[in-house]
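Here the protein sequences come in this chain order: A and B.
Residue numbering for the first sequence follows the numbering used here, starting at 1 and increasing by one per position.
Residue numbering for the second sequence follows the numbering used here, starting at 1 and increasing by one per position.
No wet-lab data here; the hints were simulated from the structure.
One or more of the hints may lead you astray.
Claimed, not checked - Pairwise CB distance ranges (calculated):
| # | chain 1 | residue 1 | chain 2 | residue 2 | range |
| --- | --- | --- | --- | --- | --- |
| 1 | B | Asn21 | A | Thr111 | 31 to 37 Å |
| 2 | B | Ala92 | A | His73 | 38 to 44 Å |
| 3 | A | Thr13 | B | Asp52 | 35 to 41 Å |
| 4 | A | Lys98 | B | Lys81 | 33 to 39 Å |
| 5 | B | Lys81 | A | Asp70 | 32 to 38 Å |
| 6 | A | Asn17 | B | Gly58 | 43 to 49 Å |
| 7 | A | Pro69 | B | Arg66 | 37 to 43 Å |
| 8 | A | Pro69 | B | Gly28 | 50 to 56 Å |
For each residue, glycine too, the CB sits at the ideal point set by N, CA and C.
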Amino acid sequence: DTAVSQTPKYLVTQMGNDKSIKCEQNLGHDTMYWYKQDSKKFLKIMFSYNNKELIINETVPNRFSPKSPDKAHLNLHINSLELGDSAVYFCASSHQGKSYEQYFGPGTRLTVT
Amino acid sequence: GQNIDQPTEMTATEGAIVQINCTYQTSGFNGLFWYQQHAGEAPTFLSYNVLDGLEEKGRFSSFLSRSKGYSYLLLKELQMKDSASYLCAVSAYGNNRLAFGKGNQVVVIP
Numbered sequence: 001d002t003a004v005s006q007t008p009k010y011l012v013t014q015m016g017n018d019k020s021i022k023c024e025q026n027l028g029h030d031t032m033y034w035y036k037q038d039s040k041k042f043l044k045i046m047f048s049y050n051n052k053e054l055i056i057n058e059t060v061p062n063r064f065s066p067k068s069p070d071k072a073h074l075n076l077h078i079n080s081l082e083l084g085d086s087a088v089y090f091c092a093s094s095h096q097g098k099s100y101e102q103y104f105g106p107g108t109r110l111t112v113t
Numbered sequence: 001g002q003n004i005d006q007p008t009e010m011t012a013t014e015g016a017i018v019q020i021n022c023t024y025q026t027s028g029f030n031g032l033f034w035y036q037q038h039a040g041e042a043p044t045f046l047s048y049n050v051l052d053g054l055e056e057k058g059r060f061s062s063f064l065s066r067s068k069g070y071s072y073l074l075l076k077e078l079q080m081k082d083s084a085s086y087l088c089a090v091s092a093y094g095n096n097r098l099a100f101g102k103g104n105q106v107v108v109i110p
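Take these sequences, add in the hints, and give me the full structure.
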């Protein structure tokens with residue numbers, strides 16, 4: 001029944017490691033997003049894919065690489081993790097043309113030590 | 001670019017009415033949206049305004065003035081479960097991007 005799911009929910013890792021977060025939606029949406037929400041609760045767009053194609057790529061370090069194997073999945077791989085990467089990462093999806101109504105996943109709380 | 005400004009926190013009593021303001025600056029305005037986020041949870045869509053005026057949805061109403069770059073979310077008959085952060089977001093023409101404000105934390109007390 002889950003609409004947008006993310007794994008893992010919590011991720012604790014050391015600086016310099018590489019990690020991935022996975023996202024899947026079963027809503028039949030064609031657009032998916034990655035957001036970062038920092039400790040000040042500021043929610044900021046990172047990437048957006050439409051039908052597996054990258055359409056938004058904000059100013060994000062190239063250590064972050066999204067991958068969309070199909071339109072129901074959007075994964076986020078992060079290389080050489082840094083302390084400042086600690087945040088909650090939300091995946092979201094929407095229909096193209098209805099980007100205002102986005103459905104968010106439960107979030108992945110990443111802690112880099 | 002887009003700038004969105006929201007006050008940070010307010011406390012209100014159960015049963016009361018609270019108004020949360022949002023001012024924005026953007027080129028090619030294509031809509032203003034409100035999301036609710038409970039602590040430790042994902043944001044959920046509440047409402048959107050594209051034209052000036054008031055949109056009512058049960059206990060929640062949202063108002064937009066495009067000429068003033070201003071919106072508010074009105075929460076009526078406050079309930080304890082309304083304690084959450086309320087995020088204002090704007091969209092511009094030609095992209096799927098939603099730019100979020102920092103959110104306004106509403107704390108409802110008995």
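Going through the hints against the structure:
A hinted range of 31 to 37 Å holds for the C-beta pair Asn21 (chain B) and Thr111 (chain A), which are about 34 Å apart. For the pair Ala92 (chain B) and His73 (chain A), the beta carbons lie near 27 Å from each other, so the given range of 38 to 44 Å is not met. Between Thr13 (chain A) and Asp52 (chain B) the C-beta distance comes to about 48 Å, which lies outside the given range of 35 to 41 Å. Checking the proposed 33 to 39 Å range against Lys98 (chain A) and Lys81 (chain B) shows it is violated: the Cβ atoms sit about 26 Å from each other.
In this structure, Lys81 (chain B) and Asp70 (chain A) meet the distance hint of 32 to 38 Å, their C-beta atoms being roughly 37 Å apart. For Asn17 (chain A) and Gly58 (chain B), the Cβ-Cβ distance of about 46 Å falls inside the hinted range of 43 to 49 Å, so the restraint holds. Separation of Pro69 (chain A) from Arg66 (chain B) is about 40 Å and conforms to the stated range, judged on CB atoms against 37 to 43 Å. For the hinted restraint 50 to 56 Å between Pro69 (chain A) and Gly28 (chain B), the CB-CB distance of approximately 33 Å leaves it violated.
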